[in-house]
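Put chain B on the given structure of chain A with help from the hints.
Below, each chain spelled out in residue letters.
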Amino acid sequence: MHFIVCIKQVPNTTNVQIDSSTGTLKREGVESIINPFDEYAIEEAVRLKERTGGKATVITMGPPQAETALREAIARGIDNAILVTDRAFAGADTWATSYTLANAIKAIGSYDLILCGKQATDGDTAQVGPGIAEMLDIPHVAYVKKIEDINDKNARVERMMEDGYDLIEMPLPGLMTVVKEINTPRLPSLRGMMASKKAQIPHWTAQTVNAEKNNIGLTGSPTQVMKIFSPPPRPGGQTLAGSQEEMAETLVEKLRQAQII
Amino acid sequence: MEYFLTEEQQMIVDLARKIAQEKIKPVREHYDETEEFPWPIVEELAKADLCGVYIPQEYGGFGGGVMNLVLVVEELCKVDGGISLALAATALGTFPILLGGNEEQKKKYLPDIASGKKLAAFGLTEPEAGSDATSMRTTAKKEGDYYVLNGTKCFITNAGDAETYTVFAKTNPGRGPRGISCFILEKGMKGFEFGKKEKKMGIRASSTRELIFNNCMVPRENLIGKEGHGLLIAQGTLDTSRPGVAAQALGIAAGALEEAISYARTRVQFGQPISSFQAIQHMLADMATEVEAARCLLYQTARMMDANPGKRTTKESAMSKLYASEVAMRVTTNAVQIFGGYGYIREYPVEKMMRDAKITQIYEGTSQIQRNEIALNLIKENAAKK
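These protein sequence lines are chains A and B, in that order.
Okay, so the first sequence: first residue is 63 according to the working numbering, each after it adds one.
Okay, so the second sequence: first residue is 2 according to the working numbering, each after it adds one.
Derived by calculation from the structure, the hints in this document are not laboratory data.
Here the structure is a predicted model, which is why all the values come from computation and not from measurement.
It cannot be assumed that every hint is accurate.
Said to hold, decoys possible - Once the Cα atoms are required to be at most 27 Å apart in a straight line, the calculated DSS-like pairs of lysine-lysine come out as:
#	chain 1	residue 1	chain 2	residue 2
1	B	Lys48	B	Lys119
2	B	Lys48	A	Lys259
3	B	Lys48	A	Lys208
4	A	Lys207	B	Lys48
5	B	Lys118	A	Lys117
6	A	Lys111	B	Lys19
7	B	Lys48	A	Lys117
8	A	Lys260	B	Lys19
9	B	Lys188	B	Lys143
10	A	Lys242	B	Lys26
11	B	Lys191	B	Lys227
12	B	Lys108	B	Lys48
13	B	Lys48	A	Lys111
14	B	Lys24	A	Lys207
15	B	Lys227	B	Lys19
16	B	Lys48	B	Lys24
17	B	Lys118	B	Lys19
18	B	Lys109	B	Lys227
Just chain A, with the same shape it has in the complex (with noise of 0.2 Å):
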């Protein structure tokens, strides 16, 4: 079976800052790494190619420095990588990023699945992976917290939900995007690493995936950004002082007054 990762490399968000004045992040000096949820899409496409045999591919939409992201999912046991780069790709929204990625798939060729993480760090948006699917016509399962059986023709997935989950089965080709609870990924391997040295990453630009020049970067974004701004921080908490019987009282007034109960 062919498995299909899509990544995305991110500002690591342990340590990075806001811009007050713009409401950017502040990219400059920050140390990039793989979107943590694409790490488990990632050790998911090496189980199943463990588990069926086949190969992997993970591609990736990004400025050049992203080959970095792709060598480190090579350490980790991907067979090949391909880097989708063009300047005309700058500022996708979405949308466009879901169409671009959908083009490169398609110029992939075939494969029977494609796994993305639940969602980036940065844009938090979890609408790509989905996005793909839907410029693909195949179907989509997100949220997938463990694939409990997969063949060439179609996989039964469990998708978490807040209060359970539920048993899918889905035909394949299709597409998943998977949440931290699936697995633990490893850590990359010495052959691994050996492997990521060598490989020769390809750049795919807007030419070769055949996109269209108004669906893609900013030109291409139906999104149109109004206002970026931080969220007032919460005022804090009020602490209740006094005996048990004293805070309980107080407390049932206080929601009283605010008409909670």
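Below, chain B alone, put in the same frame as chain A:
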């Protein structure tokens, strides 16, 4: 210090460091406390391809020899001196096959060890035969297509958890040192049992048990080399493996040094960090210098060994083990001293490092035996000149 590692060696170091930091550090107290065998970490090492870095490529390894092994062990031991023994003591148990085994034995046993699927152990020491290995009492009597082993080995690292054992026994008790032979045993062979698990001062994540042979029938094809060549194989193995112990000692020392520097910079007494006191500074300077000197001696020894396969390197090997283990004991003791009262408390990492360091002066030849080996070679070399 710049050691001009190859690209592959640098990858090995980076990978081992990642595993040490991300997988071993969070659980090191757990394994020290519970004395459980660290199987989940062994799996991580296997998945990362680190179990076979010293095994030739034709048997599924990376062919990097002793230097590769040293780099992995040092890096893992910076964080924990016990857990990495699953790998380091496997190397010790594997060297007799690598050095003296025939092609069939290598093909049969090495790939599973290189992939990390199986661990190995080395059975030489006996209750009455420590430094004086030739006084061993375990016997192997030839009967048809088998050797029948009887006797007991003690203090065997990885025993019970390993699958493959290289064991020394007397095939001809009358011939003394020339009557010892080496065999490959597999866990589960009839008449091959394990004794109680020892409770140790340090390296408590590593298992240490007795090997008990009670009319254990070992097939003739499991004899390594020729009958009577066992002691030579043991000596060659120890020459090759002692840098591994040196690497363990070096890693423990380097780890303790790092902890001591970090602590000295944050611990405030008399209104300033204790790192501003010359008493502490001079201790740190001595520790760092000794650690670097141990590393230089060890890396150079390992490189010399890899460049001259088959050549005996008893003297250099003993020097690197002697020096690194003595440094480990001094450096960890001083790290505890710099931590003061906190250093003596188990919640802080350095008391464990001090406990772990001690064994490196004892096993695979005590510091005293290393000095004997070094001196003997000095005298031999001098005599050969005249």
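To see whether the hints hold, each was checked on the structure:
1. Proposed proximity of lysine 48(B) and lysine 119(B) is supported: the alpha carbons are some 13 Å apart, at most 27 Å.
2. A distance of roughly 18 Å separates the Cα atoms of lysine 48(B) and lysine 259(A); the hinted pair therefore holds under the 27 Å criterion.
3. About 22 Å separates the Cα atoms of lysine 48(B) and lysine 208(A), which keeps this hinted pair within 27 Å; it holds.
4. A threshold of 27 Å between alpha carbons decides the hint, and for lysine 207(A) with lysine 48(B) the separation of about 23 Å falls inside it, so the pair holds.
5. The hinted pair formed by lysine 118(B) and lysine 117(A) meets the criterion: a straight-line CA distance of about 24 Å does not exceed 27 Å.
6. Of the supplied pair hints, the one linking lysine 111(A) and lysine 19(B) holds, its CA atoms being roughly 25 Å apart against a limit of 27 Å.
7. With a C-alpha separation of about 18 Å, the suggested pairing of lysine 48(B) with lysine 117(A) holds against the 27 Å cut-off.
8. For the proposed pair lysine 260(A) and lysine 19(B), the alpha carbon gap of about 21 Å is at most 27 Å, so the pair holds.
9. With a CA separation close to 21 Å, the supplied pair lysine 188(B) and lysine 143(B) stays within the 27 Å bound.
10. Distance restraint check for lysine 242(A) and lysine 26(B): the Cα-Cα separation of roughly 22 Å lies within the 27 Å cut-off, and the hinted pair is therefore satisfied.
11. As the CA atoms of lysine 191(B) and lysine 227(B) are separated by approximately 24 Å, the hinted pair is consistent with the 27 Å bound.
12. A hinted pair counts as satisfied when its Cα atoms are at most 27 Å apart, and lysine 108(B) with lysine 48(B) qualifies at roughly 21 Å.
13. Between lysine 48(B) and lysine 111(A), the direct Cα distance comes to roughly 15 Å. Compliance with the 27 Å bound is thereby established for this hinted pair.
14. For the hint pairing lysine 24(B) with lysine 207(A), the CA-to-CA distance comes to about 23 Å; that is within 27 Å, so the pair holds.
15. For the hint linking lysine 227(B) to lysine 19(B), the alpha-carbon distance of about 43 Å lies beyond 27 Å, and the restraint is violated.
16. Proposed proximity of lysine 48(B) and lysine 24(B) is supported: the alpha carbons are some 13 Å apart, at most 27 Å.
17. Taken as a hint, the lysine 118(B) and lysine 19(B) pair is honoured in the structure, with Cα atoms around 21 Å apart against an allowance of 27 Å.
18. With a C-alpha separation of about 18 Å, the suggested pair lysine 109(B) and lysine 227(B) falls inside the 27 Å cut-off, and the hint holds.
Going down the numbered hints, you'll see the structure goes against just number 15.
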